[in-house]
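Number of protein chains: 8
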Amino acid sequence: MTLQQILEEVKDGQLSVEHAENLLKKEGYEEMDYAKLDTTRKERTGFAEVVYCARKADEHLLNIYQKLYKEDGEVFGTRASQHQYELVKSVLPQVVYDPVSGILKIEKEKEHIGKVTVCTAGTADISVAEEAAQTAEYFGTHVERIYDVGVSGMHRLFSRLDTIQDANCVVAVAGMEGALASVMGGLVKRPVIAVPTSVGYGASFHGLSALLTMINSCANGIAVVNIDNGYGAGYLATQINRLAEGK
Amino acid sequence: MTLQQILEEVKDGQLSVEHAENLLKKEGYEEMDYAKLDTTRKERTGFAEVVYCARKADEHLLNIYQKLYKEDGEVFGTRASQHQYELVKSVLPQVVYDPVSGILKIEKEKEHIGKVTVCTAGTADISVAEEAAQTAEYFGTHVERIYDVGVSGMHRLFSRLDTIQDANCVVAVAGMEGALASVMGGLVKRPVIAVPTSVGYGASFHGLSALLTMINSCANGIAVVNIDNGYGAGYLATQINRLAEGK
Amino acid sequence: MTLQQILEEVKDGQLSVEHAENLLKKEGYEEMDYAKLDTTRKERTGFAEVVYCARKADEHLLNIYQKLYKEDGEVFGTRASQHQYELVKSVLPQVVYDPVSGILKIEKEKEHIGKVTVCTAGTADISVAEEAAQTAEYFGTHVERIYDVGVSGMHRLFSRLDTIQDANCVVAVAGMEGALASVMGGLVKRPVIAVPTSVGYGASFHGLSALLTMINSCANGIAVVNIDNGYGAGYLATQINRLAEGK
Amino acid sequence: MTLQQILEEVKDGQLSVEHAENLLKKEGYEEMDYAKLDTTRKERTGFAEVVYCARKADEHLLNIYQKLYKEDGEVFGTRASQHQYELVKSVLPQVVYDPVSGILKIEKEKEHIGKVTVCTAGTADISVAEEAAQTAEYFGTHVERIYDVGVSGMHRLFSRLDTIQDANCVVAVAGMEGALASVMGGLVKRPVIAVPTSVGYGASFHGLSALLTMINSCANGIAVVNIDNGYGAGYLATQINRLAEGK
Amino acid sequence: MTLQQILEEVKDGQLSVEHAENLLKKEGYEEMDYAKLDTTRKERTGFAEVVYCARKADEHLLNIYQKLYKEDGEVFGTRASQHQYELVKSVLPQVVYDPVSGILKIEKEKEHIGKVTVCTAGTADISVAEEAAQTAEYFGTHVERIYDVGVSGMHRLFSRLDTIQDANCVVAVAGMEGALASVMGGLVKRPVIAVPTSVGYGASFHGLSALLTMINSCANGIAVVNIDNGYGAGYLATQINRLAEGK
Amino acid sequence: MTLQQILEEVKDGQLSVEHAENLLKKEGYEEMDYAKLDTTRKERTGFAEVVYCARKADEHLLNIYQKLYKEDGEVFGTRASQHQYELVKSVLPQVVYDPVSGILKIEKEKEHIGKVTVCTAGTADISVAEEAAQTAEYFGTHVERIYDVGVSGMHRLFSRLDTIQDANCVVAVAGMEGALASVMGGLVKRPVIAVPTSVGYGASFHGLSALLTMINSCANGIAVVNIDNGYGAGYLATQINRLAEGK
Amino acid sequence: MTLQQILEEVKDGQLSVEHAENLLKKEGYEEMDYAKLDTTRKERTGFAEVVYCARKADEHLLNIYQKLYKEDGEVFGTRASQHQYELVKSVLPQVVYDPVSGILKIEKEKEHIGKVTVCTAGTADISVAEEAAQTAEYFGTHVERIYDVGVSGMHRLFSRLDTIQDANCVVAVAGMEGALASVMGGLVKRPVIAVPTSVGYGASFHGLSALLTMINSCANGIAVVNIDNGYGAGYLATQINRLAEGK
Amino acid sequence: MTLQQILEEVKDGQLSVEHAENLLKKEGYEEMDYAKLDTTRKERTGFAEVVYCARKADEHLLNIYQKLYKEDGEVFGTRASQHQYELVKSVLPQVVYDPVSGILKIEKEKEHIGKVTVCTAGTADISVAEEAAQTAEYFGTHVERIYDVGVSGMHRLFSRLDTIQDANCVVAVAGMEGALASVMGGLVKRPVIAVPTSVGYGASFHGLSALLTMINSCANGIAVVNIDNGYGAGYLATQINRLAEGK
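Chains as they are written, first to last, in this note's numbering: chain V, 263 to 509; chain S, 263 to 509; chain X, 263 to 509; chain W, 263 to 509; chain D, 263 to 509; chain F, 263 to 509; chain R, 263 to 509; chain L, 263 to 509.
One chain only, chain V, in its complex shape (with noise of 0.2 Å):
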């Protein structure tokens, strides 16, 4: 209802100035004692809230994953400790836990339109890599895998080439220094979003390295996002694979 429409009704006495103020205030979440859930985010955005486990308290992790999930009959979390599963798991039996990416969650079957394709430079930066992908396959994208082409071994990367290049978007998953993204960035059409990640040691200063590698990049069309945020590239390779698809 947009806000025209609502002063045309109020004014022909079909709305009440009450319901009006409530519409036009309308708060758009549900209020819990610790938390403001966000109910109308799909709506507005397209996407489900999503869950990030790390730091909540046990009780609040509990009934955010059981209100979820009744409203949705599924729900998704990131970044979520065996604990947590143990306990998610002892009042939704059917809850899945992936220890590699932490994700947990419960997944209603869905179709999975479109096409993107997670790389890694290397096998350390698999749990972020799945953190992208299980992200894009929840909200609906197919993904395809291909770990571990970094560029110290070219030959790897090229022998994938096609499935690279025929997908919507690609996500760069890559530590160390991160040259990933520089070198697929000269090799496709289409975005590549680019996740720097902590893996490395010394001068690699938990990811700041890769970040900056990734953000001074000479190649074009590099969208890059925070240290190790697997859940945010899965999230904007969707957009940009829905704007593909026509949805």
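There's no promise every hint is true.
One side of the interface only, derived from the structure: several residues of chain L facing chain S at Cβ under 7 Å [unchecked claim]: (1) A386; (2) G464; (3) A465.
Since the hints were derived computationally from the structure, they do not count as laboratory data. All C-beta atoms in this analysis are idealised placements derived from N, C-alpha and C, irrespective of residue type, glycine included.
For this one, chain V is given, so just place chains S, X, W, D, F, R and L on it according to the hints.
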């Protein structure tokens, strides 16, 4: 011609070994003394080469502009100075210069498809925003501009929300604390390309503050590019816009 | 007693030279072996001494709590651990501990004047916000809390605008990109005390990103304190609130 | 007019839907080609718009000064150059320029209420201090200046303690190591607004050292603003001073 | 087989199109589920693959050690833990573990050619130096160790100058201020490989200070590698040593 | 024996070539397997070797303590753990351990000359201050301690000014914003040795803030050492104190 | 006159209350409009005020030079420009200017006591070294200069060791990697004052690299001052030299 | 002459004590007023002294060029300005200046041995690459140049792979994100000398980004030098090339 086709033709004697070798090694660029013009770039990436004018020697700049103009009938350069404008104008009088963005171009008539909205937080960010907007337009994107809608006066932003929400993607250009991208990310369904600018003083550290803000955004769907990198934002926006328009 | 008064009394023989010398040199603190309790602080600054519990040895902490409680009938400590709570409770059973904020206190009934609003961007910022709120309350300020109103869902903030706009000052607590302070600054007439938190990951660099955002805010009337410094925010808010209430 | 009142009038037919829609969408700014002058800012925040002159094009600066002067009978700009002074003077001959602080203003007679003390550590900090002091005065605050009272000669500060201690708030402006704010914070009851300056060399890193000092102050009641941000300090000081004076 | 040879054989019918296609596309790695073992690396670079043990899952580590051992009859891993030693030992009992350097290896008898000298500034740098020395030895380099010859006691260094000056290259391992590399660079004709270590405290910032020292060395012929990167230094030293020995 | 003397004796046949060669090459240290004990250090610098206990292997630590004790009848170590205390005590039962400073020593009776004053800003700085004070005492310096005299309560410092002003030098130990050194520098004639500590949180960045403050001090006569480097301060204070006492 | 004496005289009527009040409040500086000349500094610290010329307005500089010259018969300024030299020369023709160090002075004949050695690593460090040397000389110190003895050619340093080892203290001035201070610290018994310079490029970060090197020195007895702070080094060297000479 | 030989000759009376003393103390440099020319450097390190022209005073530069030319018949300077070229040319008319690299030299005919390949990522990196290439040539190395082969167009690099793979070492010069070095390291057997350049903008931070990329490279055999340090790369490449050629 695929690898298989080349090999078949070699086998059948339709292609000489020398020719095949050349095709397989095909360099895909034209050697100039001082640079390798990447003439197959358009095929490979869907984007023609753009000239980064800053730090180019006069003679090199002239040659590049003439060469690209002869090949494509148009040429687009960023970060050009007034001096470079006058230089190029002396041999290509139809060249057009925008001193705000530093863009120096000869542009063919072309169709502009889809819709990208380019926003700035303040008026000082406009030079970067124009680099983004005109880059996107050069690559065939329809652009709408909404400038000076920073978060210290949110009502200015909200009054233009319709225009922002129906774009294929939004470019948010902001210096100082760069909060515009986060606010935008909470309001739209589509990707937000965040461009930190070096506008600010003191602890803005020439754009570092805005860059960190955007990379750490609590909103989702934020794709960050380098500080002041309007060109990169316009390029990425075009990639996304093309996908959305089925190109 | 002013300097002039002391000198007059010395001249008139009402005050001995020794006594005057002591007054003028008056140390204003009580020597303990390991610390100088600043017992004239309340007179000088209007605020009683507060205990920073972290890193205090058990024996020292006990002595300080007992000493301050005996003098003032109340005592307030920040950053206390569960262990310290149990320690103090064994000798001062009426002590109250809030594990979220780490505050360990015995508080007298007191009037709470004026109004300060404490807001957070997310739920993870609440521990710092509670340190701010309870500090302000301990110093006699009336506090209202509005939590989880970050900029990725601006409607949650706008629905509480009345409560925010009629406070004497607003404390805005936010981690990650810290944009809440800028948005708040554009909406209220009164000072905004911005508290960056270490909530976030990757390039948030333990609160540095939020600190830079707040320091560079394009909005005016933003007073920044140290990362996670809820206590400092509650103190400053009280100073401003007292001024507003004519204290 | 509140939302409820607007809706009542729509219902009663006193207000057309179009008018109400406009009111509710009311932009609150006047569109200029290059900027959105925020003409409702004074109502919203209690402060008229101030002009940040640096980087403004000549023509834009002239228009803005003329527009604001016509509306308010006064206009206040910061970081103006000698050139800009001469420019504005050619159309507004009554304009006054202070080359030390870079302030360019036409100011109406007005009452100055309350009291704010502005201090500097050294003489090189005076340009920033004057920006703070004159900003506060423009907004109606009574200001006292105490310059060159840095901590390397504490007796200079102590001799002016009375003047410092009875202000509603103190602005402490210091570069190099910025210790003035900490010392001040231990001496006064009222808020200290700390302004780090870029005065210094070597490891002062253009004000970063002073900023860190002030943010980490062991004293309480320290509100930090950006490096060299005299304007922000004057604004914040005025907010606090108005509260103290019951405005 | 060169490209030309492959094409000639295709033309002559000696090679099928499919086989040629495979050769030209030849991936050069063996797919494992979680990683792509780079089995052509030795041919391409002259160095067999080395295992970075840190962060490897137990099962993956075991498989990699067994696979590499089966192929090469030896295997070399860095940054292994005591736990990983015991794990690998359970299936490959001949494995040898050095807890100082964290190296876990099965090594064939081999000739050690040339001469590389590995020096440390202090005793705490030895763990990194051993990683360098044992890596070089694994790759067939003759190594001499000179430890604890830091610049605060230069006579210790000078007494071993002959041994240092006739090496093919010198590895200088130092933390804290890292001055050893500069001093060494002024004393030898051959390249100095400088390895900053994270040894130190306070403003050493986990090796950043030593890294900056080495990168800014006033001496020439200094090749810097990452903080604590003994492996990289041993690898680079071997490359140089092989060149010097005509390999 | 000077170079000239050695050569004269060679010429006169009083000294064999071999012996002279040894003298001129004389290494001045005793080789241990893992370290070079610098046994001529005392002659060269006037200070016996001190043991940095952190990260030393148990066996090495024991050997070093026994060796140094046998030679000098005393031994002094810094940054020792409780475990190391018990270890050394098992073979040298007279060893004394101070858990606050981490000093582990056997100390001979000795005269303490001159006067050095060691001050701290807060109680949390005492561990570093004790490392400084006990180091200076070990090297024969008379030390006075004045703790908890930070700038947020200046009266505590001023009441002890006499004691501070007649020392040969002052050691100022402070974390957080580290302003104590600047204030001290303006009050005394003698050198101030400034020791930044890692005490603080948030933007103190583990002592970086205090270090920058001290390096940028507006006061003169400030000698800065590394963060938490109490040992270095005690050493430097002893050098200055000895000069002042004619040693 | 001590506090006790003042009070006794007040009691005895020898001193009026007003006079005593003035004495106790005695400001110890002479008010100028723009600065507070610290005329009691010499008594308090043993050093006359020195003029920091950079950024001083012409008129202010002239007044200060004339005032100080009239009072002391000499005046010493640092960081003066050629323009400032000509300015001061026009009223004080006996002024002497050293363009290398930027020192502008009128100096009385005086005795130079003790011995301080000032060394540089390279020739580009001489401007800073001269600021240190001439400052020390102005304050009555005997100085010896040894320039261009950096660690890339250690034999140059060793050939001057005698001159270095018998100074009361050594000033080591070095840019780039700043290793000179560490080497010096291992060779002398007396304090080494380390002055990092901004000489260098790339990752020297305007002296930060040299500063970190010196702060983290593995040698003892290193007192670090700010980047390029020759004046501070000369001041500190004088303090130490005076102590050594019994002043 | 070895130490033993000297002593033998003293013993035998062939060498006077004075002469031996001089030999043993032999300074190895020629004193000039402002610098110590290191004339034994060539013997010690195998490389003649090279002049760093930046910041040299005119008169000093002239003297150094004349002196070195007289001794060696050739002279080589880096970072020279046009002004310095004209200056030196006035007395040494045969001097040659390359404005791209800033090299100012008189070079003798000489043999160039071995092979070093110098590559750049872009055209803006050529100035640094030329400093490297011409330095190596001056020291007798045969150099091949391959410019503008950055990773955004990998085919340009691959077409030159043969030339790259048979060099004794490769110098990889790159700014922005500096990924060229990593890619190169995965393709060649020989050492890669990585030179980060200050080419770039925004978050490239004047070469810091490229430096971190290269230091953190996932490829092996990468030797990093300072930002823009072409000279250092050419020097190190020559050391390695000489070893490979048996010099």
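Verification of the supplied hints:
1. Interface restraint check: L:A386 against chain S, minimum CB-CB distance 5 Å, threshold 7 Å, status holds.
2. At its closest, the beta carbon of L:G464 sits 3 Å from a beta carbon of chain S; the interface hint therefore holds under the 7 Å criterion.
3. A hinted interface residue such as L:A465 counts as satisfied when its beta carbon comes closer than 7 Å to some beta carbon of chain S; here the least separation is about 5 Å, so the hint holds.
Of the numbered hints listed earlier, not one is contradicted by the structure.
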